[in-house]
Amino acid sequence: SIGTTESGGAATVSIVLQSEPVGNVVFDVTSSEATEATPDVPTVTFTPTDWDSSQTVSITGQDDDTADGNQEYDITFSLNGALTADAVYAGLSAQDVSGANVDDEIPGLIVDPLSGLVTGEDGTVDTFDVSLRTAPAADVTVTIASSNTNEGTVAPAPALESRSRMRSEERRVGKEGRSR
Numbered sequence: 028s029i030g031t032t033e034s035g036g037a038a039t040v041s042i043v044l045q046s047e048p049v050g051n052v053v054f055d056v057t058s059s060e061a062t063e064a065t066p067d068v069p070t071v072t073f074t075p076t077d078w079d080s081s082q083t084v085s086i087t088g089q090d091d092d093t094a095d096g097n098q099e100y101d102i103t104f105s106l107n108g109a110l111t112a113d114a115v116y117a118g119l120s121a122q123d124v125s126g127a128n129v130d131d132e133i134p135g136l137i138v139d140p141l142s143g144l145v146t147g148e149d150g151t152v153d154t155f156d157v158s159l160r161t162a163p164a165a166d167v168t169v170t171i172a173s174s175n176t177n178e179g180t181v182a183p184a185p186a187l188e189s190r191s192r193m194r195s196e197e198r199r200v201g202k203e204g205r206s207r
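First residue of the sequence shown? That's 28 in this note's numbering, and the numbers climb one at a time after it.
The reader is advised that the hints may include incorrect statements.
Simulated restraints, written as ranges between beta carbons of each label pair [claimed, not checked]: (1) SER34 - THR168: 23 to 33 angstroms; (2) GLY118 - SER81: 18 to 28 angstroms; (3) ALA172 - GLY150: 18 to 28 angstroms.
To be clear, the hints were calculated from the coordinates, so they are not data collected in a lab.
No experiment lies behind these values; they were computed from the predicted model shown.
Every residue gets a Cβ at the ideal spot worked out from N, C-alpha and C, and that includes glycine.
Start from the sequences, fold in the hints, and give me the full structure.
Okay, here's the thing in structure tokens:
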């Protein structure tokens, strides 16, 4: 098993043939999850002169904006029958190397500003923005409420909904002109 990271962390896999072929042996190198990890080469070719020399494939983790946790994938080395000139190797089954790509997103909210809002009993309002730190994997609803509705309320409707994309919503905080 190998490990990669969304911050570009890579792993390597080395392969070598166990016997000398009579002609070229070509393997296609693919990822089961190209959005998580990709090989640096699409094929690896062994010839009758270099069959016993290891060839190294670098697998690089791919970044996304979703807090989706660590994601598993397989790197598959499958014989390319059209380009392989050795009948002994022509029947070789595909070989998988499993891996996991370590997620680097931290879900959360960004509220700006966090403090310093000024409202007044004369109806003076102030605003703040709320956005998601990372793109969500599913719908997100954030309820926004005042801790003291006698002193301030939230408008418009106190909820932020996002569907598979980050977005910022402006909220106004104000005093409704109540007097005591």
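Inset, instruction - Identify every previously stated hint that the structure contradicts and give their numbers, smallest first. - result: No numbers; nothing is violated.
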